[in-house]
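Asks: Residues per chain, in single letters:
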Amino acid sequence: MIQNLPWLFLLLPLLAAVIDWVVFRKCSKCAAALSILSVAATFALCVAYLCGLQTGTPGIYTWMPVAAAQLSLHMGLVLDPLAMRMMLVVTGIGLLVHIFSIGYMKGDPSNLSRYFAGLSIFMFSMTCIVLADNLAMTFIGWEMVGFSSYLLIGHWFDKASAADAAKKAFITNRVGDFGFLIGILLTLGVFGSLNFADMGAKAAGIAPAILTATVLFLFCGAVGKSAQFPLHVWLPDAMEGPTPVSALIHAATMVAAGVYMLVRLQVAMGEAAFTGTACNVIATVGAITAVLAALMAVQQDDIKRVLAYSTLSQLGYMVMAVGLLAGEAAMFHLYTHAWFKALLFLGAGAIIICCHHEQDIWKMGGLAKRMPLTVLCFLMGTCALIAVPGFSGFFSKEAILDAALEQNPVFFWVGAGVAALTTFYMARLCLVAFCGSARAHGAEHAKEACPTMLLPLLVLAVMAIISGYGFAADSLVPFEGFHAHGFALGLPFYAGMGALALGLLLAFALYGCGKRSKDPLSGNAVSDALRNRFYIDALYDKVIIGGLQEIVAHIIEFIDAAVIRGLLMQGSAWLTARIGLLLSYIQGGSLRAYAFVCGFGLLILIFLLAFNL
Amino acid sequence: MEDQISTLCSATYSWCQFCPAFALVVLAGLLLLADAFLPKLPKRSFALLGALGSLAAAVSMLSGDHPNTFGFLACISTALTLLLAFDYKKICCESIAGKDNEEGTGEFYALPLVACAGIICLTQARDLIMLFVSLEVITLTSYVLAGYFRRNRGSIEAGIKYLILGAMSTGLLVFGAAWYFGMTGSFALNSSVVLHALNGGEVGSAAIAAGFLMAVALLFAGAFFKIGAAPMHIWIPDVYQGAPTPTTTFLAVASKTAGFAVLVMLVMPFLPFMQPGVQIAQMLVITFSIVAAATLLIGNLGAICQSNAKRLLGYSSIGQAGFILVFFMNPNSALGFLVSQYLLAYTLATVAAFFAIALVRTQRGSEEISAFRGLGKSNPRLAFLITVCFASLAGVPLTFGFIAKMYTFIALVDAIPTWGHLSWLLPVMIVSAAAGFYYYFKVIRAMYWEQQQPGDKALCVPVCTAAVLTVSAIALIVLGTLPLVLAL
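For the protein sequence lines, the chains are A and B, in the order given.
Residue numbering for the first sequence follows our numbering, beginning at 1 and increasing consecutively.
Residue numbering for the second sequence follows our numbering, beginning at 1 and increasing consecutively.
Be a bit skeptical, because a hint or two may be false.
[What the hints assert, rightly or not] Selected chain B positions facing chain A (Cβ under 10 Å, derived; list incomplete):
(1) P237
(2) I304
(3) Y315
What the hints contain is simulated information worked out from the structure, not anything from laboratory work.
The beta-carbon is built from N, C-alpha and C at its ideal position, and this holds for glycine as well.
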């Protein structure tokens with residue numbers, strides 16, 4: 001019994017979601033309380049496990065038993081440090097976001113029971129990914145987080161942009177998931193098992209080309225979920241959802257699932273399974289994403305979008321680290337990033353609420369005076385993100401730069417360049433929004449955030465500072481036998497400092513102390529390109545949706561008209577109608593005919609059985 | 001004399017294994033007495049008492065070392081039928097003694113108990129005499145129940161048709177039993193008797209074996225009639241459509257369970273011979289594959305163009321029987337379990353569907369599929385529950401129906417390496433399952449996509465209907481997501 005305790009990680013949020021959905025439909029307070037209770041309980045359980053609670057291996061549940069045993073679907077849990085510490089990040093940030101949501105969603109006219117049910121179902125799905133002991137279960141969680149993300153992005157579904165963004169996120173993810181599914185099937189074929197525990201032993205005897213293909217198809221899943229180039233387009237639009245959702249799902253946890261899955265595979269298959277080609281592709285995709293996203297962030301005016309692009313760029317870092325076979329550094333950065341990015345998003349959420357739903361940084365200004373505590377927390381997060389020495393982000397970014405320098409200097413310089421850009425756009429954001437004087441009515445009347453919002457911010461601010469140090473990192477970074485990076489003077493340090501200084505200098509030179517009311521960089525072709533995300537979205541709209549899809553649509557239309565509608569539909573309709581007519585001819589209601597059919601059938605039966613001997 | 005009979009049957013029974021059956025018969029008798037001598041008592045309460053009684057019997061079926069799954073299913077089906085009859089009172093009164101007059105409806109509530117007792121005895125049978133007698137108990141009761149609504153032409157027609165065709169099938173069964181006895185000298189159903197007969201009996205003649213197989217064919221024909229397998233399915237659409245809805249429910253679930261119990265009982269003695277290379281095994285598999293394919297196609301293609309919901313479920317019950325027959329391609333010791341698992345999925349969903357039909361019939365006066373129009377708007381919860389049940393019948397993943405159907409496919413795929421030439425059945429099954437999606441979703445489409453008409457009111461859902469629909473839908477989803485609950 002006791003060894004099955006870990007199943008509570010999955011059951012509690014699922015139950016909370018179902019009860020919220022069915023019972024507490026009308027009572028949003030009960031729904032909120034229940035969701036918070038469930039996430040708090042899972043958090044407590046997680047802490048208990050990390051403090052050394054031992055319950056033995058949890059039972060494996062065979063979900064769909066099939067005679068050929070390797071095809072059966074099993075449900076099992078892994079409780080190694082990689083999984084349990086990741087659970088701590090998920091439940092810890094989850095708990096804070098739940099609490100923050102009460103303050104953030106207060107007075108919102110939408111159905112809050114639906115909102116909290118969505119959060120709970122997300123917690124369930126994310127747990128399913130983190131604790132899965134096989135790829136099939138990962139995939140189930142993978143699709144479920146996609147679904148819950150769809151629900152939560154589209155929470156304000158009466159707003160057209162939110163509904164569209166939800167659809168875009170879901171469909172873009174489907175593209176990646178298709179590759180992921182192929183990868184899973186390839187894994188089953190190549191390794192003969194989907195279980196992580198069985199993979200390591202079999203990886204050695206497999207041809208490198210097949211391994212490369214398998215890993216790259218599995219990587220497709222990460223490209224979709226972790227919003228890597230070229231499937232990055234959904235993440236900025238996902239900011240249409242409520243800000244706490246952006247913090248939890250689109251910054252700290254779900255988008256990091258791709259990185260987590262890759263590291264899990266790297267550990268399970270062994271680093272040798274990640275062949276040179278596969279690694280190069282992964283690292284390159286990560287580097288491209290990091291650079292492109294950082295450039296796009298430079299010219300965004302919406303506070304959440306700046307953060308969204310920054311998330312993309314940081315995810316690029318992590319994926320690059322995975323490609324450089326530095327899973328340890330990737331998970332370190334994932335872990336510090338989760339805390340400080342959640343802090344930044346929740347801080348942005350508090351600012352947005354206090355400025356009366358204003359998201360444009362050019363309509364803020366002077367907020368440092370009006371909501372000092374919130375701004376201070378936000379600045380802590382910024383310092384961690386731009387890797388100011390002493391903050392958590394500094395340590396993890398150093399770890400990635402170190403690994404890059406060791407493996408491939410090109411990626412090192414890319415990383416350093418992105419660091420400079422990061423500093424620049426975050427400094428721009430802070431200078432414009434917090435300094436100077438208010439540029440719009442909303443910002444003038446901004447007041448300090450309410451306690452339910454402030455409390456999570458303070459906790460996260462503390463984590464943003466301390467989580468990089470050895471005492472917190474060694475026992476919390478989701479990686480087996482992790483040791484915090486020893487701080488050393490060297491090229492990575494100097495490059496990082498140079499990037500920091502360069503970014504700050506440029507930002508101060510251009511934006512001064514927030515006295516400007518217009519971006520001095522705007523109004524030229526480069527700025528327009530950055531603002532419009534290098535026209536990638538437009539390209540997709542034109543070429544894929546407008547052009548390619550048009551052609552494909554014509555082909556499909558032809559197939560539809562000729563084959564499906566003509567042959568299959570009308571043909572089968574004709575056929576079934578004929579059969580139906582025949583049947584109704586027999587089934588005409590005449591008793592004598594019925595008896596005749598029975599007798600005739602009996603003769604056939606006797607012939608089949610007795611006359612073949 | 002007694003000795004003689006027991007050697008003929010070579011099976012002994014103990015009184016106590018029939019206790020639940022006796023209890024049900026006694027309950028039915030008491031209810032009939034109350035019907036005659038306590039005219040003040042509301043007849044409707046008989047249905048509730050009967051349902052309680054059969055639920056108790058269902059519990060007793062599961063206790064003990066060897067749970068009697070078919071008996072359990074039959075008792076549950078009977079209880080649900082009686083609950084349906086309870087909610088169907090308005091139409092019962094209208095069709096028997098006229099508006100709001102309960103006179104003469106008492107037997108309608110008591111008779112299913114007798115039939116249920118018959119099924120319990122049937123599942124205990126180990127020889128043909130017991131099998132025949134208990135099967136007749138069920139059938140005779142069903143004749144009465146099918147024609148019970150004497151003010152309803154459809155019911156009378158259904159009663160007559162069922163009586164005549166049923167009598168024919170009984171004749172086949174008796175004829176088969178006689179041949180069986182003639183070829184083997186025994187009524188017992190076990191492998192040694194089968195082996196003896198296949199080896200040509202005492203005289204060692206091939207004619208004995210052929211005659212024995214003819215007997216088996218006749219017995220199969222009797223069982224096929226009960227389960228509605230082609231070509232003995234012919235009575236189903238008319239009788240299901242015409243008979244009173246509670247009776248149709250009983251025929252569709254309890255009577256079908258009895259039929260499959262018989263079929264399993266008849267096939268089990270052949271189990272030791274079911275190996276590749278044995279000729280009798282090949283012939284059995286070929287026969288079953290042809291019957292299953294015909295049943296699947298007739299049931300599922302026939303259902304496509306139906307507009308009457310009861311007739312649709314009639315064809316659906318043929319189609320579902322076709323799927324169950326696939327298990328007989330690969331008979332093994334788990335046959336009984338697999339068949340009853342499928343039957344449970346089928347029973348839960350079908351009974352719920354009949355509850356929905358009865359509800360719509362009572363309040364909208366029609367049994368057409370179009371009468372379900374607009375329920376998604378006016379009764380969203382009811383519509384959701386009905387959707388779950390029909391989705392399970394169609395086999396949508398995460399419902400129990402999907403798991404059940406998946407096991408039929410697994411059984412066939414497992415059978416192909418042994419019997420080789422069964423692959424052709426796979427496309428037949430796929431076409432049938434696809435057709436199922438089409439015609440089951442006609443009801444769902446009517447609920448959500450068809451506009452309400454002026455004058456359509458929201459349905460008022462009686463307690464029993466609400467309870468049964470809710471419990472069935474929850475059970476279908478829970479068993480669909482956690483399939484192993486059953487095996488534990």
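Asks: Now look at each hint and say whether the structure bears it out.
Replies: Each hint, compared with the structure:
1. P237: holds (6 Å)
2. I304: Where the cut-off is 10 Å and the nearest Cβ of chain A is about 5 Å from B/I304, the hint holds.
3. Y315: At about 9 Å, which falls below the 10 Å cut-off, the nearest Cβ of chain A leaves the hint on B/Y315 intact, so it holds.
Hint check: no violations occur; every hint is consistent with the structure.
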